[in-house]
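Bring the two chains, given one by one in their own frames, into a single complex with the hints.
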Amino acid sequence: MKGLLQYFKVSVRVEVRGQMVYRANFFLGLIMIAVRVFMLIALWTALYAGRAEIDGIDLATMKFYTLASIIFEVLIAANVEHAISDKIRDGSIAMVLTRPASYPVSVCIEQFAFTAQNIILRVAPYTIFLLLSGLGFGARVYLGPAFWLSTLLAYFIMLFYQMFFGMIAFWTMEIDGILETRNAVMLVFSGSMVPLWFFPDWLFSVARFLPFQAMYNTPLSILIGRISGPDIWTALAVQALWLAVFFLLSLYFWGRSRQRVVVNGG
Amino acid sequence: MPEKKRMITVEALSKEFVVTVGKKGFGGAVKNLFHPEKKRIRALSDISFSVDKGEVLGFLGPNGAGKSTTVKILTGILTPTGGSVQVGDLVPYRKPRQNARQIGVVFGQRSRLWWNLPVQDSFEYTKALYSIPDSVFDENIRYFSENFGVGDLMTKPVRTLSLGQKMRAEITMAMLHNPEILYLDEPTIGLDVVGKNELHSLVGRINRDRNVTVLLVTHDVLDIERLCTRVIIIDKGRLIWQGNVDALKRAKGNEKHFHIVFGEPRQAIKSEHLEPVSIAGDGLRHEYRCNSDGIEIESLISLFFSAGKVIDINVTDAPLDHVMRRIYTE
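Same order as they appear, the protein sequences are chains A and B.
The first sequence begins at 1 in this note's numbering and counts up by one.
The second sequence begins at 1001 in this note's numbering and counts up by one.
Next comes chain B alone, as it looks inside the complex (with noise of 0.2 Å):
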C-alpha cells in the first residue's frame, strides 16, 4: 500500500474582512460618504484541515457559513490574515500563478465560457492560456466527448446551452489542462434532477479515472451523499465537524425513519420512542422518526400494525439533511 499524498494542508486559516456599515436613512448615507464606520469581520476563524490525493471533500454548510472563503484561500485569489495553507508544494496565495497550473476550478455562479461564441472557442482560449500541449489536448476533449458527450455541444454558442450542458463544459474546461485538484464551488445550483445526476457520475468518474483530488462546496447534502468520502461542516467561520459521511450520520445518534401507509385514515400514533415528522394524504401516509437508542425496532413495526391496517411499511436511515439541521441549529 503506497503512503497516500497530502494534497492540501491547512493549519489554524483565519481571515478578516474589513466592511463599511451602512448607516440608515438619507442622513446615514451622507454621513457614510464622508465618514464611512469601518468594521472587521472574522469570516473564518481558526479552520484546520487536510486532503489526501485522490479524495472526494465536500465542504458544507449554510449559505455565509464562510466556504467560498476558504475556496478563494485555497485556489489563491484571497490573502489569508493568519494561519497556513499549502496545496501540492505551494502556497497559493504566495504563487498563485503556479497554483493556477495544478488545479481546476469552477464556480457554479459564474462562467468561464465566452458567452457568444461556440464552446470549441473557450476550449481554444484556455489551451493558449495555459500553453496545453496539443497531444494532451486531444486526449482531453476526446475522453470529455466519449464519456460525457461534450463533442456535442463543441459547435454550439454558449447561449443556447441548457444549464446542465454549460456546467459539463466548464468541468471539461476545467481539467483541459490535466490539474491534480478540482475545485467545484456549488456546481449543482440550479440543476434540476437530471441535470445533478449527470454532473454527480461526471465528477465521480473523473475522480476515479483520473485519481483527481476534488473539493466540493456544497449546500446540497444529495451531492455530498452521491459523491464525497469525507466532509467538512463550517458554520460562521468556523469548523464544526469533520470525518467521513457515514459518521457523520452517526454522529448524531442512531435515528431511524419509519414511512407507513396506512390503509384508512388516522391520526398520529402516540407513543414516547416517536416523533411524528409528518402526516399527509389525508391521514392515510405517515411518517416517524424514532429518537433513541436501544428501542428494538421490532417492538416499533408491531405498534404500527396494531394502529390499524398498514398496507406499507419501510424503515430508512435519518436523511442528511435532518442530520445538517440538527447540528446547524445546536
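Isolated chain A, as found in the complex (with noise of 0.2 Å):
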C-alpha cells in the first residue's frame, strides 16, 4: 500500500512536469476553455431570450450548469483507452507487462495522477473563476452528499468503460473506428451536448438507462435539482450497476487478454 501511494505520488509529479513542459499548450488549453464558456453563456442568454425559465430551469442555473459541465468534463476526464490502445498498437506493451506491478493497477494508478493534475492544474483555477465571475449566481444547487457520491461514481464509470474499450484493443489492434462511433453516440446520450430533459420523453426514457448519461448527466442533474428526492436513489442504482458491469468485464478481458497478447514490431 505503501508502495502504491508512492507509486501514485511520483506519477503526480510526473504528469504535472509533463503538462508544465510545453507551457504554451498549457496556456492555449485555459484559453480555450474560456472561449467554449463565453459562447455557450451567450448561445444559452439567446435562447432564453428575456424568458424567466424554460423547463422549469432559471437562466442563472443553466449558466452554472454550463460551467459546471465544462468543470466537471474535466475532472472526470479520463485518458485510459487511448493509453492502453497505443501501447498495443506501438507494442511499448512489452514494457508495462515487464513491470511488476498488475497491468490494470497501473493504469488506475496513473489515471489517479491524471486526474490530480487535472485538479491542480484546470478544475481548481476555473472554479475560482466560476465563483469570481459572478455567472450563475443565484443559482439553486444542490452540493450535498448524492451530488458527491454520484460524481465519484460517474469518475469510476469513466475508468472502467475505458478500461473495457481499451481492453478491446488486444483482439483488434485498433480501437479508434469503434471509439469514434461509440463518440458519437455518447456526445448526444451523456448530456454533455445538450442536457438531456431537453430530449423528447421517448428519448429520455431510451437515455435514462445508457451507461452515458451515468458519467454526465446524473450528477449534473443532481447538482442543480433536477434529480431530486427518490429519483436520486434511482439514479445512484442505475450508476452503481453500470460501474459493476464495466468493472467486471475490465477484468474479465483483462483476463483473457493474457493469453492473447501480441507485441508488434520487433
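These are computed hints drawn from the structure, not numbers from a lab.
Here the structure is a predicted model, which is why all the values come from computation and not from measurement.
Among these hints, one or two may not hold up.
Once the Cα atoms are required to be at most 27 Å apart in a straight line, the calculated DSS-like pairs of lysine-lysine come out as [what the hints assert, rightly or not]:
1) A/K87 <-> B/K1038
2) B/K1156 <-> A/K9
3) B/K1166 <-> A/K9
4) B/K1156 <-> A/K87
5) B/K1166 <-> B/K1156
6) B/K1038 <-> B/K1236
7) B/K1095 <-> A/K2
8) B/K1039 <-> A/K87
Here is the structure:
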C-alpha cells in the first residue's frame, strides 16, 4: 500500500511536469476553455431571450450548469483507452508487462495521477474563476452528499468503461473506429452537448438507462436539482449497476487478454 | 569451486501465433474484413537451452528468427504454446510480476524513459514502481555515475540525449532494483562505433562487478565477440547451434584469412587452396580465404611472396560474420 502511494506521488509529479514542459500548450488550453465558456453563455442567454425559465430551469442556473459541466468534464476526464490501445499498437505494451505492478492497477494509478494533475492545473483555476466571475449567481444548487457520491460513481464508471474499450485492442489492435462511433453516440446520450431534459420523452427514457448519462448527466442533474427526492436513489442505483458492469467486463477481458498478447514491431 | 547456479532453463519451447493472411487488392481487403483467413504460424519450435548465473549468453540470428519471441516468453510477456520455461525459481508467464523483480529488461528499439522529462524523473518513477529502498537506489546511482558518467545525464531531458547516452540511462534504469538477470534486446541498434564500445564496456563491467547474468539478443556479431562467453543461434524458430564463441569459429573449419598489400597491381592469385574474398585499391589490396584444413600456412605465404613484391601481409581467423553467413545459408 505504501508502495502504491509512492507510485501515485511520483506519477502525479511526472504528469504535472509533463504538462508544464509545453507551457504554451497549457496556457492555450486555458484560453480555449474560456472561449468555450463565453460562447455557451452567449448561446444560452440568446435562447432564453428574456424568458424567466425554460422547463423549470432559470437562466442563472443554466449558466451555472454550463460552467459546472465544463469543470465536471475535466474532473472525470480519462485517458485510459488511448493509453492502453496506443501501447498495444506500437508494441510498448511489452514494457508495461515486464513491470512488477499489475497492469490494471497501473492504469488506475496513472489515471488518478492524471486526475490529480487536472485538479491542480485546471479544475482549481476554473472553479476560482466560476466563483469570482459572478456567473450563475442566484442559481439553485445542491452540493450535498448525493452529488459527491454520484460524482465519484461517474468517475469510476468512466475509468472502467474506458479500460474495457482499451482492452478490446488486445483483440482488434485498433480501436479508433470503435471509439469514434461510440463517441458520437455518447455525445448525444451523455447530456454533455444538450442537457437530457430537453430530449423528447421517448428518447429521454432510452437515455436514462444507458451508461452514458450515468457519467455526466446524473451528477449534474443532481447538482442543479433536476433529480431530487427518491429519484436520486434510482439514479444512483443505475450508476452503481453500470459501474459493476464495466468493472467486471474490464477484469474479464484483462484476464483473457494475457493469452492474446501480441507484441508489434520486433 | 562452488557449483554453478542455474538461472534459466528452457525445455522444448514452442510458440504459435495466429495471423490473418492479407489478401491482395481491394476485393481481397473487403473479403478480409468479413472472412479473414487465419493461419497458424510457428514462431518457435523445440528450443532447449540453459543459462548459469553470471554467464553472458549471446542470442544470435537473422531478423525474424524468433530471438525476440524467446525473450518475450522469458520475460513473462508472452505465454508459450508448448514446453517449459523456468527463470530463477519461477515460471515467468505464470508469475510475471514476481518475475519482473528478478529481471532487468532493455529493448533497444523502445524506451522506458520519459521522453519529455529529465532522466532523474524516470529513475524516481522506477524507484517508486519497484519500491527500491533509498540505500539501494543511492548506491546504484553512485555506482553508475562514477563508472559510466550517468550523473551528468540526470538533469537533462531525455529528448536531448544522444542515442548512446540514452542507452546508458536505459541500462542504469534496468539495473536500479538489482536484478539477477539482464535482458538486452538489440541494445546496440543504431549506435556508432564509440557508442558500441561504451556499451560493451558497460555491460562487461556490470557482469563482472555484480555477477549479473546477461542474455544479449543481437544480430551484430561484434557484440557477441566482445561480450559473450556462449552463443545460441536461432533461425526460422529453431535452435541451430549452441556452444562457446571459439567453438563456433572452429565448428566451421579452421578457416584463415590472408590480407596482402602488393607493391604493384596484379590479378588474383590462382590456387586450389585459396579463394579470393576481395581485391581492392586498384589491384593492390587482396584478401583470400583458405578453406581447407591441413595446409601449411608457410607454403601459402611463400606463394604470395613469389607472386610479386609484398608490402604487408596479415593472417587472421575467419571473421565471425563469415561463419554466420555460412551457417544461415546452409
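Hints and how they fare:
no.: 1; hint: A/K87 <-> B/K1038; in the structure: holds (24 Å)
no.: 2; hint: B/K1156 <-> A/K9; in the structure: holds (21 Å)
no.: 3; hint: B/K1166 <-> A/K9; in the structure: holds (25 Å)
no.: 4; hint: B/K1156 <-> A/K87; in the structure: holds (25 Å)
no.: 5; hint: B/K1166 <-> B/K1156; in the structure: holds (11 Å)
no.: 6; hint: B/K1038 <-> B/K1236; in the structure: holds (20 Å)
no.: 7; hint: B/K1095 <-> A/K2; in the structure: holds (22 Å)
no.: 8; hint: B/K1039 <-> A/K87; in the structure: holds (25 Å)
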